[in-house]
Amino acid sequence: MALVFDALLALAMLWLAWQGVHAQTLFQAVVSFMLFGLLIALAWVRLDATDIALAEAALGSGVTGALLFAALGQLPPEPIRARRRTRWHRRLLALAWGLVLLAPIALLLYGVLQLEGRGLGAEVNASLSQANIGSPVTAVLLNFRAIDTLLELVVMLSAVVVVWSLGATAPSPLPWLPAPSLPALTRLLFPVFLLTAGYLLWRGEHGPGGAFPAGAVLAAGFVLAILSGARAPAPDGHTGWRLLICLGPLAFAMVAGGVLLAGYVYFEYPPRVAGLLMIGIEIAAGISIGFMLTALFFAAERDHSSQV
Amino acid sequence: MPPLTSETLFTLTAVLLFGIGAHGLTQTRHALRRLLALNICISAIFLLLVASGKHGDTDPVPHAMVLTGIVVALSTTAVAISLIVRRNRHRRPPDGGLHW
Amino acid sequence: MNLFIDGASLMLLVLGLLFFLSGTIGLLRFPDVFTRLHALSKTDTLALGFISASLALQSGSLLLTLKLLLITLLVMVAGATSSSLIAGAAIARGVRPWQR
Chain B
1 MALVFDALLA LAMLWLAWQG VHAQTLFQAV VSFMLFGLLI ALAWVRLDAT
51 DIALAEAALG SGVTGALLFA ALGQLPPEPI RARRRTRWHR RLLALAWGLV
101 LLAPIALLLY GVLQLEGRGL GAEVNASLSQ ANIGSPVTAV LLNFRAIDTL
151 LELVVMLSAV VVVWSLGATA PSPLPWLPAP SLPALTRLLF PVFLLTAGYL
201 LWRGEHGPGG AFPAGAVLAA GFVLAILSGA RAPAPDGHTG WRLLICLGPL
251 AFAMVAGGVL LAGYVYFEYP PRVAGLLMIG IEIAAGISIG FMLTALFFAA
301 ERDHSSQV
Chain P
1 MPPLTSETLF TLTAVLLFGI GAHGLTQTRH ALRRLLALNI CISAIFLLLV
51 ASGKHGDTDP VPHAMVLTGI VVALSTTAVA ISLIVRRNRH RRPPDGGLHW
Chain S
1 MNLFIDGASL MLLVLGLLFF LSGTIGLLRF PDVFTRLHAL SKTDTLALGF
51 ISASLALQSG SLLLTLKLLL ITLLVMVAGA TSSSLIAGAA IARGVRPWQR
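Protein chains in written order, with my numbering: chain B, 1 to 308; chain P, 1 to 100; chain S, 1 to 100.
Pulled out of the complex, with its shape left as it was, chain B reads as follows (with noise of 0.2 Å):
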């Protein structure tokens, strides 16, 4: 029964992938990608991998999607062109090639399939004691793997300032606001964005949850109430953006580096304060994710203000 529900859930995947790619406008190309995402997440729940399908919604469908419908409104629509007719003797070639790379990608899928490794699932268990935290993922991504997450928001600090000086404007709000509704809507829902941020960042010590979850909850919570009419400061130059953006990477830093003076290696907790520290380090992440990524999307949006 629940092969079923997989198979049924494999087959709208592929379908919306396709689409996501060919779909006959960008715009329902776009859509088809989001809903794609929001699949994968249920298929990453399906995995027992709740911690990825958290991540998948609300990063790789809600916020890709966000920016990619920002992106939407500043591009001219897609040339319509005729399909041109293709001649048969390089359909055939298509095929063939097709045909030579199945096979090797069949004698991988094989391969893929025959693996028999146990993983690291045990032994991760076993240190768990050692870094004074209850989820085992949040354990590998802040203690364990500490240097990947490390790298991973300098990543994210590099796009920002990619695309900063790229030029970006201040956030503005909506150019209409056809409701009253949305405004209303934001004073409501604003400190529910933050209660559950908080919820999530606290979550992610013993459960599904983080610093990543809880930065995207923050973000949403800040485009929809710039959106709706509340001022911001430009982003790029503005010290206090960027002091709010560089706190998760250099309280990480500082901690990674601060546990020398105390006679430890790079990135080895002290055990009494392992915990405290991840936690630290975790909200001081949150609030740069969130941070981040508003800035990432009012530079894609930067130009809808001058629209009207």
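Source of the hints: derived by calculation from the structure; they are not laboratory data. Careful: at least some of the hints might be erroneous.
[What the hints assert, rightly or not] SDA-like, lysine to any residue: derived pairs with alpha carbons at most 25 Å apart: (1) S:67 <-> B:190; (2) S:42 <-> B:32; (3) S:67 <-> B:189; (4) S:67 <-> B:187; (5) S:67 <-> B:203; (6) S:67 <-> B:48; (7) S:67 <-> B:193; (8) S:67 <-> B:134; (9) S:67 <-> B:38; (10) S:42 <-> B:184; (11) S:67 <-> B:185; (12) S:42 <-> B:39; (13) S:67 <-> B:192; (14) S:67 <-> B:194; (15) S:42 <-> B:180; (16) S:67 <-> B:57; (17) S:42 <-> B:38; (18) S:67 <-> B:205; (19) S:67 <-> B:206; (20) S:42 <-> B:185; (21) S:42 <-> B:183; (22) S:67 <-> B:61; (23) S:67 <-> B:191; (24) S:67 <-> B:195; (25) S:67 <-> B:45; (26) S:67 <-> B:196; (27) S:67 <-> B:207.
[Claimed, not checked] Estimated spans, in silico, between C-beta atoms of each pair: (28) B:187 <-> S:63: 20 to 30 Å; (29) B:45 <-> P:86: 30 to 40 Å; (30) B:230 <-> P:86: 21 to 31 Å; (31) P:72 <-> B:206: 22 to 32 Å; (32) S:2 <-> B:107: 43 to 53 Å; (33) B:28 <-> S:74: 26 to 36 Å; (34) P:72 <-> B:250: 13 to 23 Å; (35) B:166 <-> S:66: 44 to 54 Å.
[Claimed, not checked] If you want the ones that stay clear, here's a sample from chain B, every Cβ over 10 Å from chain S, calculated: (36) 88; (37) 95; (38) 96; (39) 103; (40) 253.
Note that this is a predicted model, so its numbers are computed, not measured. Note that beta-carbon positions come from the ideal geometry of N, C-alpha and C, so glycine has one too.
For this one, chain B is given, so just place chains P and S on it according to the hints.
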């Protein structure tokens, strides 16, 4: 032949998804479509990593790797979108490009 | 008692699915953006309520029931607002309501 379980099914799906993405990456013209195709390839790789690495109890290491990967993919996408929009800055449509 | 709860939960689930189905048919068959919104927003709100109630009966815990209630309320508020925003945007872009 391995038994047909959810993991096998999603491994197969991941391979097919990567095929769709790679096909789209080479066979479409518009930059935004190519970006979407690239994102589908990325999702397929994540799915392959977790679905094929799952034997019995869950392994947190691939999960953490995929979480990191999602964020890196998002950053890449944001930069790519920014570049695409920048290139088309002077060819902006009057109606905002949305079609009803 | 258990049988009663299971039966009630199943009935609510089927009711919810029927409402989702009718909303989807409306989305596919109605002529313009306003009538489609009309079909979707109402039926989806109702269907979500039924499905949450069904799941709450199955959850057997007060905390989960409260979480489900919160989710339902949030989706209701967000659905109503986004419907009104889509309709407003359509009007602002000059889409005229469909007339027979």
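A quick look at each hint next to the structure:
Among the hinted pairs, residue 67 (chain S) with residue 190 (chain B) is consistent with the structure: their alpha-carbon atoms are about 18 Å apart, no more than 25 Å. At most 25 Å may separate the alpha-carbon atoms for a hinted pair to count; residue 42 (chain S) and residue 32 (chain B) meet this at roughly 23 Å. This hinted pair checks out: residue 67 (chain S) and residue 189 (chain B) have alpha carbons roughly 16 Å apart, not beyond 25 Å. Distance restraint check for residue 67 (chain S) and residue 187 (chain B): the Cα-Cα separation of roughly 21 Å lies within the 25 Å cut-off, and the hinted pair is therefore satisfied.
Taking the CA atoms of residue 67 (chain S) and residue 203 (chain B), the gap is near 15 Å; set against the 25 Å cutoff, the hint holds. Distance hint between residue 67 (chain S) and residue 48 (chain B) is fulfilled; the C-alpha atoms sit about 21 Å from each other, no more than 25 Å. For the proposed pair residue 67 (chain S) and residue 193 (chain B), the alpha carbon gap of about 15 Å is at most 25 Å, so the pair holds. Restraint check for residue 67 (chain S) and residue 134 (chain B): the C-alpha separation of about 22 Å stays at or below 25 Å, so the hint holds.
With a C-alpha separation of about 20 Å, the suggested pair residue 67 (chain S) and residue 38 (chain B) falls inside the 25 Å cut-off, and the hint holds. For a cut-off of 25 Å, the pair hint linking residue 42 (chain S) to residue 184 (chain B) stands: about 21 Å separates their Cα positions. About 20 Å separates the Cα atoms of residue 67 (chain S) and residue 185 (chain B), which keeps this hinted pair within 25 Å; it holds. Restraint check for residue 42 (chain S) and residue 39 (chain B): the C-alpha separation of about 24 Å stays at or below 25 Å, so the hint holds.
The hinted pair formed by residue 67 (chain S) and residue 192 (chain B) meets the criterion: a straight-line CA distance of about 13 Å does not exceed 25 Å. For the hint linking residue 67 (chain S) to residue 194 (chain B), the alpha-carbon distance of about 16 Å falls within 25 Å, and the restraint holds. Proposed proximity of residue 42 (chain S) and residue 180 (chain B) is supported: the alpha carbons are some 20 Å apart, at most 25 Å. Using a Cα cut-off of 25 Å, the hinted pair residue 67 (chain S) and residue 57 (chain B) holds, with the two alpha carbons roughly 18 Å apart.
As the CA atoms of residue 42 (chain S) and residue 38 (chain B) are separated by approximately 22 Å, the hinted pair is consistent with the 25 Å bound. Between the alpha carbons of residue 67 (chain S) and residue 205 (chain B) the distance comes to roughly 20 Å, so the proposed pair stays at or under 25 Å and holds. Of the pairs offered as hints, the one joining residue 67 (chain S) and residue 206 (chain B) holds, with about 18 Å between alpha carbons and a cut-off of 25 Å not exceeded. For a cut-off of 25 Å, the pair hint linking residue 42 (chain S) to residue 185 (chain B) stands: about 18 Å separates their Cα positions.
A hinted pair counts as satisfied when its Cα atoms are at most 25 Å apart, and residue 42 (chain S) with residue 183 (chain B) qualifies at roughly 22 Å. Of the pairs offered as hints, the one joining residue 67 (chain S) and residue 61 (chain B) holds, with about 23 Å between alpha carbons and a cut-off of 25 Å not exceeded. The suggested pairing of residue 67 (chain S) with residue 191 (chain B) holds, with an alpha-carbon distance near 17 Å, which does not exceed 25 Å. The suggested pairing of residue 67 (chain S) with residue 195 (chain B) holds, with an alpha-carbon distance near 13 Å, which does not exceed 25 Å.
For the given pair, residue 67 (chain S) sits about 18 Å from residue 45 (chain B) by alpha-carbon distance, which is consistent with the 25 Å threshold. At most 25 Å may separate the alpha-carbon atoms for a hinted pair to count; residue 67 (chain S) and residue 196 (chain B) meet this at roughly 12 Å. Among the hinted pairs, residue 67 (chain S) with residue 207 (chain B) is consistent with the structure: their alpha-carbon atoms are about 16 Å apart, no more than 25 Å. Separation of residue 187 (chain B) from residue 63 (chain S) is about 28 Å and conforms to the stated range, judged on CB atoms against 20 to 30 Å.
Between residue 45 (chain B) and residue 86 (chain P) the Cβ separation comes to about 37 Å, which falls inside the hinted range of 30 to 40 Å. Checking the proposed 21 to 31 Å range against residue 230 (chain B) and residue 86 (chain P) shows it holds: the Cβ atoms sit about 27 Å from each other. Distance hint for residue 72 (chain P) and residue 206 (chain B): a CB-CB separation of about 26 Å, consistent with the stated range 22 to 32 Å. The given range of 43 to 53 Å is respected by residue 2 (chain S) and residue 107 (chain B), whose C-beta atoms sit roughly 52 Å from each other.
At about 27 Å, the CB distance of residue 28 (chain B) to residue 74 (chain S) agrees with the hint of 26 to 36 Å. About 20 Å separates the C-beta atoms of residue 72 (chain P) and residue 250 (chain B), a value consistent with the hinted range of 13 to 23 Å. Between residue 166 (chain B) and residue 66 (chain S) the C-beta distance comes to about 46 Å, which sits within the given range of 44 to 54 Å. The beta carbon of residue 88 (chain B) is kept farther than 10 Å from every beta carbon of chain S, the shortest such distance being approximately 37 Å.
Look at residue 95 (chain B): its CB is around 35 Å from the nearest CB on chain S, clear of 10 Å, so calling it non-interface holds up. No beta-carbon of chain S comes within 10 Å of the beta-carbon of residue 96 (chain B); the shortest separation is about 40 Å. Non-interface call for residue 103 (chain B) relative to chain S: holds, since the shortest CB-CB distance, roughly 41 Å, exceeds 10 Å. With a least beta-carbon separation of about 37 Å from chain S, residue 253 (chain B) lies farther than 10 Å from that chain, consistent with its non-interface assignment.
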